[in-house]
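Work the whole structure out from these sequences, hints included.
2 protein chains.
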Amino acid sequence: MAEQKATNITWHEGDVTTDERQKLVGQKGATLWMTGLSGSGKSTVACALEQALLHMGLNSYRLDGDNVRHGLNKNLGFSAEDRAENIRRIGEVAKLFADSCCLAITSFISPYAADRDGARKLHEDAGLPFIEIYVKCPLEVAEQRDPKGLYKKARAGEIKGFTGIDDPYEEPTNAELVIDTSTTSVEDAVAQTIAYLKDNGLINQ
Amino acid sequence: MAEQKATNITWHEGDVTTDERQKLVGQKGATLWMTGLSGSGKSTVACALEQALLHMGLNSYRLDGDNVRHGLNKNLGFSAEDRAENIRRIGEVAKLFADSCCLAITSFISPYAADRDGARKLHEDAGLPFIEIYVKCPLEVAEQRDPKGLYKKARAGEIKGFTGIDDPYEEPTNAELVIDTSTTSVEDAVAQTIAYLKDNGLINQ
Numbered sequence: 001m002a003e004q005k006a007t008n009i010t011w012h013e014g015d016v017t018t019d020e021r022q023k024l025v026g027q028k029g030a031t032l033w034m035t036g037l038s039g040s041g042k043s044t045v046a047c048a049l050e051q052a053l054l055h056m057g058l059n060s061y062r063l064d065g066d067n068v069r070h071g072l073n074k075n076l077g078f079s080a081e082d083r084a085e086n087i088r089r090i091g092e093v094a095k096l097f098a099d100s101c102c103l104a105i106t107s108f109i110s111p112y113a114a115d116r117d118g119a120r121k122l123h124e125d126a127g128l129p130f131i132e133i134y135v136k137c138p139l140e141v142a143e144q145r146d147p148k149g150l151y152k153k154a155r156a157g158e159i160k161g162f163t164g165i166d167d168p169y170e171e172p173t174n175a176e177l178v179i180d181t182s183t184t185s186v187e188d189a190v191a192q193t194i195a196y197l198k199d200n201g202l203i204n205q
Numbered sequence: 001m002a003e004q005k006a007t008n009i010t011w012h013e014g015d016v017t018t019d020e021r022q023k024l025v026g027q028k029g030a031t032l033w034m035t036g037l038s039g040s041g042k043s044t045v046a047c048a049l050e051q052a053l054l055h056m057g058l059n060s061y062r063l064d065g066d067n068v069r070h071g072l073n074k075n076l077g078f079s080a081e082d083r084a085e086n087i088r089r090i091g092e093v094a095k096l097f098a099d100s101c102c103l104a105i106t107s108f109i110s111p112y113a114a115d116r117d118g119a120r121k122l123h124e125d126a127g128l129p130f131i132e133i134y135v136k137c138p139l140e141v142a143e144q145r146d147p148k149g150l151y152k153k154a155r156a157g158e159i160k161g162f163t164g165i166d167d168p169y170e171e172p173t174n175a176e177l178v179i180d181t182s183t184t185s186v187e188d189a190v191a192q193t194i195a196y197l198k199d200n201g202l203i204n205q
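In order, the protein sequences belong to chains A and B. Under the numbering used here, the first sequence has 93 at position 93, and the numbering climbs by one with no breaks. Under the numbering used here, the second sequence has 47 at position 47, and the numbering climbs by one with no breaks.
Honestly, the hints are just simulated from the structure, not real lab data. Computed from a predicted model, the values in this text were never measured in an experiment. A few of these clues could be false.
[As the list claims (entries may be wrong)] Computed list of lysine-lysine pairs in PhoX-like fashion (alpha-carbon distance at most 20 Å, straight line):
hint	chain 1	residue 1	chain 2	residue 2
1	B	Lys160	B	Lys148
2	B	Lys74	A	Lys121
3	A	Lys74	B	Lys121
4	A	Lys23	A	Lys198
5	A	Lys74	B	Lys74
Given below as structure tokens:
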């Protein structure tokens with residue numbers, strides 16, 4: 001049994017309400033869902049945005065292939081079913097982060113509108129903000145960048161079902177933000193996103 | 001294209017390091033893994049602990065049946081395979097929260113040592129603290145509490161494979177903390193946990 005007196009412990013029965021958590025954590029939570037072609041610059045923008053938010057004193061965390069595909073979703077392959085489940089799980093985890101009053105940033109191609117809409121619905125049903133950010137980039141620019149050499153492999157037929165080559169990318173039609181990385185710098189992409197968050201009351205001016 | 005100047009945006013190539021994140025967020029992350037019988041008091045302690053940490057100005061978030069079983073893990077049943085996958089996913093998500101510099105609290109029976117050890121290994125491999133908290137309670141006390149009427153149903157044979165009745169609970173042998181809720185108040189349980197975190201340099205004195 002504990003010997004220490006614990007008179008300074010504050011708690012009540014039941015869950016912490018969203019309002020209470022926002023006050024205690026000092027910020028609101030939201031999911032910033034980045035979608036776009038491989039090579040569109042999603043990860044670069046997501047990485048810079050996460051850092052900018054952290055430097056503003058805001059909690060932010062990025063979910064991407066590195067920390068999700070090799071962890072939570074390591075038992076998923078690339079079948080249509082597994083791809084949908086991949087995005088479903090990412091949506092659920094992002095929602096938990098948003099619920100914890102973190103600004104969650106997801107960075108996945110997420111090519112199908114139905115999967116993205118599923119993630120959006122999860123958030124909306126829970127009253128959590130979902131901001132879809134279409135990281136737009138012409139295919140030819142993304143293919144020319146080809147940072148991981150994946151387009152080359154897809155063109156050579158070494159990768160099947162590659163988004164933009166032999167699998168469709170369904171462009172968002174209701175994204176909260178569209179950032180064309182062929183004409184926008186990383187800094188401006190981050191600035192636009194932060195401006196959106198401020199304009200919509202998600203972070204303080 | 002953005003018109004605003006973005007000269008105040010701080011970022012660098014590559015991921016935010018753990019050290020950098022801890023400085024920016026102002027705290028370390030860890031997973032506090034509560035394990036114990038149904039009715040042991042895990043959720044009550046987890047709920048009070050989360051609130052106490054939040055009131056101390058620390059980010060904390062609780063993963064439990066309510067926000068995980070009905071969300072991320074809603075496509076899992078109660079077969080041996082699905083139970084293992086349930087705990088695996090919880091371990092992976094807790095790890096992400098710990099990596100984000102949050103104090104993640106998980107509150108699941110997690111009856112099998114192998115599953116708990118799997119979650120521990122995930123954290124250890126990533127250099128993230130994993131604190132197993134055995135919320136201990138004699139079966140007869142838990143069964144007498146029976147807050148959800150589950151023991152009654154299990155005894156009546158209406159629930160099969162219920163931990164402690166017709167499925168084993170493998171007691172932790174290497175838990176960082178053991179809290180006997182038949183002799184310890186909720187406040188003392190929270191105080192003991194916070195003392196552990198302070199003593200081990202996970203939160204500031």
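Sort out which numbered hints this structure fails and list those numbers smallest first. none
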